[in-house]
Every structure is written in C-alpha cells, then in structure tokens.
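Q: Using the sequences plus the hints, can you model the full thing?
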Amino acid sequence: MNKALIALFFIASLLTGCAGVRLVDSQVNSFAPSTVPAGSRYRFERLPSQQANPAPQQHLEALTEQALAKVGLVRDDSAARYSVQVSAIQRAQQTVLDRPALGWNMGWMFGNGGISVGSGALFPGLDARTSYWREVGLVMRERATQAVVFESRAVHEGPWSDSDAILPAMLDAALQGFPNPPAGERRVNIEVPR
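The opening residue of the sequence shown carries number 1 in this note's numbering; numbering runs sequentially from there.
Pair by pair, the computed Cβ-Cβ distance ranges are:
no.: 1; residue 1: 180; residue 2: 137; range: 18 to 24 Å
no.: 2; residue 1: 55; residue 2: 189; range: 27 to 33 Å
no.: 3; residue 1: 95; residue 2: 144; range: 45 to 51 Å
Under the rule of at most 20 Å between Cα atoms (straight-line distance), these lysine to any residue pairs were calculated in the SDA-like manner:
no.: 4; residue 1: 70; residue 2: 37
no.: 5; residue 1: 70; residue 2: 176
no.: 6; residue 1: 70; residue 2: 192
no.: 7; residue 1: 70; residue 2: 149
If you're looking for bench data, these hints aren't it; they were derived computationally from the structure. The beta-carbon is built from N, C-alpha and C at its ideal position, and this holds for glycine as well.
A: Spelled out as structure tokens, the structure:
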C-alpha cells in the first residue's frame with residue numbers, strides 16, 4: 001500500500017510540474033517623455049507595410065488592445081487623443097548543441113567478419129533545438145502634435161513557438177509601470193499558463 005501511494009504521489013507531482021506556468025522573461029526599455037492620464041482614448045495607426053498585410057496586424061492590435069485596457073486606456077477610433085503604433089518581429093533559429101543530447105556518444109559493434117566503431121547522438125534529433133526570438137514595440141503619440149508620449153520595446157528569446165501565449169505577456173511587460181515606467185533597461189518576468 002505504501003509503495004503504491006508513493007508511486008501515485010510521484011506521478012501526480014510529475015504531472016503537476018507539466019501543468020504549471022512558464023516564465024516569459026523580457027528585456028524591456030521604456031521612455032515616457034509625457035504622462036498619459038488614465039482613461040485616455042487612443043486609436044491604432046499603421047505603417048504602409050502593416051497596411052499591406054492587414055490580417056496579422058489586426059491580430060496583434062487585438063492583443064495590444066487587451067494589454068492597453070489593463071493599464072486603463074480605452075480604444076476609441078472616432079474620438080482618440082492618442083495614436084498607437086504596435087509592431088512585432090519573430091525569428092526562429094535552429095541551434096545544434098555541441099554535446100550529445102543524452103548518454104555517452106561512442107559506440108561499437110561486432111559483425112560477421114569485422115568490428116565497427118563509431119560515434120553519434122544516443123537519440124538523433126535531440127541534439128538540435130529551435131529558439132524563438134521576439135520583439136514587440138509600442139509607440140504612443142499625441143495626435144494633435146504628433147509628439148511621442150510613450151515608447152517601449154520588449155525582447156524575449158525562448159523555446160516556445162506559440163506566439164498567441166507569448167506576445168500578450170511581452171506586451172504586458174512592455175507596459176509595466178505605464179504611464180511612468182522605470183528609466184533604463186530592465187528585466188520583466190511574466191508568468192503564463194502552460
């Protein structure tokens with residue numbers, strides 16, 4: 001009975017670790033030359049390159065609208081005092097590890113009439129991994145003067161390919177401290193569910 005209970009506890013703890021949260025750690029650099037009052041109204045502005053391919057930009061703006069609502073801003077396309085430009089860049093990079101993925105990588109084999117010696121990964125394919133580098137940028141301007149009132153960038157690199165979970169966390173990181181963020185570059189950690 002005790003062994004079964006211990007085994008059950010061990011399996012449950014392993015499953016709990018898989019169902020936890022993951023940490024999206026972003027390097028953030030923000031500038032706020034002017035203070036934006038809470039409840040301010042904004043609308044999105046697009047660069048010509050963003051207008052040429054509207055579907056991904058609409059999705060990014062929907063994620064950004066949720067993040068801006070968390071800091072007290074309201075989207076109002078007809079009566080906006082501020083304009084917001086948002087951009088996102090993502091790159092995937094395949095990295096091959098210099099060491100074997102698991103175990104010892106030398107092998108030998110006896111065969112009919114000979115001996116063979118070789119080396120390689122114990123489990124091929126585990127010696128390579130994909131890393132995803134992302135950057136989100138926000139620029140907020142006062143529409144009447146076109147003066148920049150807030151600018152922020154967040155950069156993250158990690159193993160997760162699901163941008164729909166990572167980009168909202170990066171936008172929250174970029175807006176941390178809004179409307180008066182700390183000066184200089186800082187690391188902002190946001191937890192997201194698995």
